[in-house]
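Listed in order, the protein sequences are those of chains A and B. The first sequence begins at 1 in this note's numbering and counts up by one. The second sequence begins at 1 in this note's numbering and counts up by one.
Simulated from the structure, these hints should not be mistaken for lab results. A portion of the hints provided could be inaccurate.
Across the chosen pairs, the derived CB separations fall in these ranges [stated by the list, open to error]:
id, chain 1, residue 1, chain 2, residue 2, range
1, B, 329, A, 78, 36 to 46 Å
2, A, 114, B, 384, 13 to 23 Å
3, A, 4, B, 301, 31 to 41 Å
4, A, 18, B, 326, 24 to 34 Å
Think of the CB as a built atom: it goes at the ideal place given N, C-alpha and C, for glycine as much as any other residue.
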Amino acid sequence: MSENKTILICDDDEGILDMLEMVFEDSPYTIIAEQNSLNIKGIIEKQSPDLVVLDLWMPVLSGDQVLKMLRKNPKTEEIPVIIISASREGKQIAANAGATGYISKPFDFEELMTMVNRLIN
Amino acid sequence: MNIYKNGEYSFSNNDIRQDFELLIRAMDASISGIIITNNLEPDNPIIYCNLAFEKISGYTRAEIIGHNCRFLQREDRSQQERALIREAVSKGKSCTVEIRNYRKNGDLFWNELFISPVVDHDGNVTHYIGVQNDVSLRKKAEQDLRQQQESMEKQIAERTRSLRESELFLSSIIQTVRESLLVLDPEFNVVSANDYFIKTFKVTKEETVGTNLYKLGNHQWDIPKLKELLIDILPTNNPVEDFEVEHDFPHIGRKLMLLNAYRIELEGQFKDQILLAIEDITEKREIERRKDDFLSIASHELKTPLTTIKGYVQAMERLMPEGAGERFRNMLAKTSQYLDRLNNLIAELLDVSRIQTGNIELHKQPFQFDKMVKEAVEAIQSASSNHEIQITGTSGITVSADESHIVQVLNNLLSNAIKYAPDAEKVHVHISKVSEFVKVSVTDKGMGISPEDQKRIFERFFRAGDIQQRFPGMGIGLYICEQIIKNHNGTLWVESEKGKGSTFSFTLPINTTNEHGNE
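Could you put the whole structure together from the sequences, leaning on the hints where they help?
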């Protein structure tokens, strides 16, 4: 079922992106790792991922701004989005912006994986 | 019937003897002492005294007649009045003096003495008549009065001096405080302004004192909200306490001020004046904001690499080869454990900072209390295999609170129960509904807390005496817990006995309609 499912992960921190790419290696999903939130719109249009994982605090365009944008567009309004953040107010901000799921940093990989599995199928 | 004849007069029937007797009677009826001296004899001896004189002086007539008057002064001879008498006598004049005399028994009395000469046809002084009144009482009253006046004047001078000192002292305090102070009359005219006000708002004393508050400095104090508050103060006597006003001043820019105002209720000249204290908190607030921002950013930045490390450590645990040694497994497990601790420390530091500046935001939402407790217990249980956490009781209540905060409190209490009771196996959690509260108690069979330490364990950075070596920590966990529970209008407390274990309990009100989150 999930062989060809694609997850777009966007975080401005290279370390986290590297780590997520690496730990998702033995998962059934294809990972698109993106550091610049300005590119998300284009990637979604071209590659239509099945799930988006967004960091909250990103320069220029923050995770909740990206999320609000996605929710306004009929083509992307249904896409499941998980917000990950190290900010204490993250959960509230994520909920207000219309996130499907929220996980606070530092997170348990199992927790993230369980949520991804649930939302993607 | 008095008949006047040739310069003589008689008031009886022209009977000289009878006249004489009546005069003597009259003299003896007088309350003034009367004497006559013969000034033709050497040393002017007394030749007559009336009864009153005997009474005043205490001497009998026999002891008086023949003496010079000076015997009444005894040894007290240096009185100036004597010179006055001598002068009058030498010139044949009358005089009045007040002189100290002494009775036969030695008692002092003040003698108001009037002497007047008797002159014969040739103009020679033949006699002197002395009239004396004992004015001791009057003299004493006068003296007392004078003394009283003197002491009163002294007291008044002393009081005035001390009042002036106090006034100077108070005014020096008022002028020194780094807070602007204004005194207003009931019409809001400035009665006085301290130096700090003058300095802060860049005005002069001349243009300030006497001017209406709202007209000060080109109406820059004409702030509608301030007006409203001050107008309320006089009739209702509600003081304005810590009221924040933000206002853009023409010369000094935007200022955030904390206002306190009171009406003077003291009867008298100051009644109904208004004390207005203005604290400029612009900078303070800005520093607080920056500190918060800094800590927010710092904690976020610290957590980001922590996330990466945690991800790798978990991946390593997952990818651990079948044959990996116990030591290796152990080291990885410890790494993971210390990562969690580091994460908690970062979160706690941020919490402490926010509590101190009162910036804890509560996101209250209804949740099932029992379920929350159960989930928190399960999470802790899964991480600590050495202890068995047992839950009893239920509340069946949905409370409205910030769930993440309450979970944090519960986690803290549970971790403490495990941490400080390493050898005990059981931790007991009890949920109950008590009146309008839900209550949770976490009981351990650990080392317990001494009564002295129980009083202090909720203080920031407090660590019980002997604990730091065996159980390192920052001493802020329970402080944060208490603040969180307080913010929810509940209470957190401990009951413990040294060596027998501790029970930490907290309550939360079920109906949280009167919330005050930002405390």
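Here's how the hints hold up against the structure:
no., hint, result
1, B:329 to A:78: 36 to 46 Å, "holds (43 Å)"
2, A:114 to B:384: 13 to 23 Å, "holds (22 Å)"
3, A:4 to B:301: 31 to 41 Å, "holds (37 Å)"
4, A:18 to B:326: 24 to 34 Å, "holds (30 Å)"
Consistency with the previously given hints is maintained throughout, with no hint failing.
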